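Enquirer: The chain contents come next:
2 protein chains.
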Amino acid sequence: MDRRVKKSIAALKEALISLMVEKEFREITISEIVQRADLNRGTFYKHFQYKEDLFNDVIDDVMNDLIESYQAPYKTIEVLDIERLQSSTIRIFHHVENHRTFYQMILRPTALSGFQNRLGTVIKQLSLEDLLVGSDDKAINKDLLASYHAYSILGMIIQWVQDEFKNTPEYMAEQLVKIIHYRPIGVTVPKK
Amino acid sequence: MDRRVKKSIAALKEALISLMVEKEFREITISEIVQRADLNRGTFYKHFQYKEDLFNDVIDDVMNDLIESYQAPYKTIEVLDIERLQSSTIRIFHHVENHRTFYQMILRPTALSGFQNRLGTVIKQLSLEDLLVGSDDKAINKDLLASYHAYSILGMIIQWVQDEFKNTPEYMAEQLVKIIHYRPIGVTVPKK
DNA sequence: ATACTTAATGAACACTTGTTTGTTAACTTT
DNA sequence: AAAGTTAACAAACAAGTGTTCATTAAGTAT
Chain S
1 MDRRVKKSIA ALKEALISLM VEKEFREITI SEIVQRADLN RGTFYKHFQY
51 KEDLFNDVID DVMNDLIESY QAPYKTIEVL DIERLQSSTI RIFHHVENHR
101 TFYQMILRPT ALSGFQNRLG TVIKQLSLED LLVGSDDKAI NKDLLASYHA
151 YSILGMIIQW VQDEFKNTPE YMAEQLVKII HYRPIGVTVP KK
Chain R
1 MDRRVKKSIA ALKEALISLM VEKEFREITI SEIVQRADLN RGTFYKHFQY
51 KEDLFNDVID DVMNDLIESY QAPYKTIEVL DIERLQSSTI RIFHHVENHR
101 TFYQMILRPT ALSGFQNRLG TVIKQLSLED LLVGSDDKAI NKDLLASYHA
151 YSILGMIIQW VQDEFKNTPE YMAEQLVKII HYRPIGVTVP KK
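Protein chains in written order, with our numbering: chain S, 1 to 192; chain R, 1 to 192.
What the hints contain is simulated information worked out from the structure, not anything from laboratory work.
Where hints are given, some of them may not hold.
Identical copies go unnamed one by one, so any copy, or any two together, can satisfy a pair.
Calculated cross-link-like contacts (lysine-lysine; reagent style DSS-like; alpha-carbon spacing at most 30 Å) [said to hold, decoys possible]:
| id | residue 1 | residue 2 |
| --- | --- | --- |
| 1 | Lys13 | Lys166 |
| 2 | Lys7 | Lys51 |
| 3 | Lys46 | Lys23 |
| 4 | Lys166 | Lys23 |
| 5 | Lys23 | Lys13 |
Bear in mind that the values here come from a model prediction, so they are computed numbers and not experimental data.
Make a model of the complete structure from these sequences and hints.
Expert: Right, dumping it as structure tokens:
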């Protein structure tokens, strides 16, 4: 890859990130980005169509790091006991902490992903009111459980939509009940 | 509320929805919206700042319907047995089907919520590779389970961010394990 | 029915966007 | 080191954005 391209794209990413710390993505203009990156506006359009595309490149970097940190435990462990999956092997939360500023930027309620956050928040509220009434396990953080539950339902809906509504709503409801009552089985699987 | 306002906003919502069926939200201009709504551009800016704000109004309508359909079962049932929560009481999937076009529009992978979808997809992929290895329950749809699992983790991360990283990553990982092993308790709670 | 309030309009403004075109200069390949 | 390639640049364009302001007319309240 041409060194000029690498430098330009790196400068654009840098500029976008530093702007996103200061203001909403919505309000950042391409002119501002190139101004901060000290590049010509045409250079931006040579590589990207929208600022969203540039942002996707930034996301790519973080996602690659996530994939690495998720797979990291398996590199040292020869066999994986699913039932006894220790919380220490779950590295994803460390990854998030390492990219703290990024995730804060990305997931703040007002930000980008308007609809999914809204839907998630609504379901979470409903969960808090209802499904948690019977729970008395003091060791479990209620807010975390509600958010877990809310977004898991969102996940099922997204999968359903991606499957083009092939299943019936009744099937979906049944699956939800089954998954909630499901537990991973304690088998030991040899690595790869 | 002034009848003119109600009519204008309704026309703008209508116009936006019909445009969103045809093309990406990104590519819809405010000029197009008012043109289709047969209104002056200034009228749009009287009520909204960005097209995102108008879109939020559309979302509000659907969310209100969701809240209703979620709470509907409890209106007829006097007591609620959490353990025996029948799938038939879970109305949320019917709500989604009733707004099929809307959800398809909103949740298609290329659309709006870039980052969360990306994050969800990555975690789902990783889940499919790993956590499902030991599962042999033929009654559970693997893709649904993976998506459920992926977005539930996303939900925990979002909650963590909203709590301003008060907890440690180790705590988060422990909570995840606890929640996965958690089951709702079979208590019967009197309605309100 | 009349007076008031204010939504909707049209025109105008500086600015950003997305695109194109020719020129300059940096990089790669031989 | 020279030749060929192409990124970065500057300038210019139509179209959209976000804002303001005076004018018209629809709606509300008395």
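Enquirer: Check Lys7 against Lys51 for me: Cα-Cα at most 30 Å, and say if that holds within a copy, between copies, both or neither.
Expert: Only inside one copy: Lys7 and Lys51 sit 17 Å apart there, 34 Å across copies, limit 30 Å.
Enquirer: Cα distance capped at 30 Å. Does Lys166 pair with Lys23 within a copy, between copies, both, or neither?
Expert: Only across copies: Lys166 and Lys23 sit 24 Å apart there, 41 Å inside one copy, limit 30 Å.
Enquirer: Between Lys13 and Lys166, at a C-alpha cutoff of 30 Å, which is it: within one copy, between copies, both, or neither?
Expert: Classified as between: cross-chain Cα gap 29 Å, same-chain 40 Å, threshold 30 Å.
Enquirer: At most 30 Å between CA atoms: does that hold for Lys23 and Lys13 within a copy, between copies, both, or neither?
Expert: Both: 15 Å inside a copy, 27 Å across copies.
Enquirer: Given a CA cutoff of 30 Å, do Lys46 and Lys23 count as a within-copy pair, a between-copy pair, both, or neither?
Expert: both (25 Å within a copy, 24 Å between copies)
The structure is consistent with each of the numbered hints, conforming to all of them.
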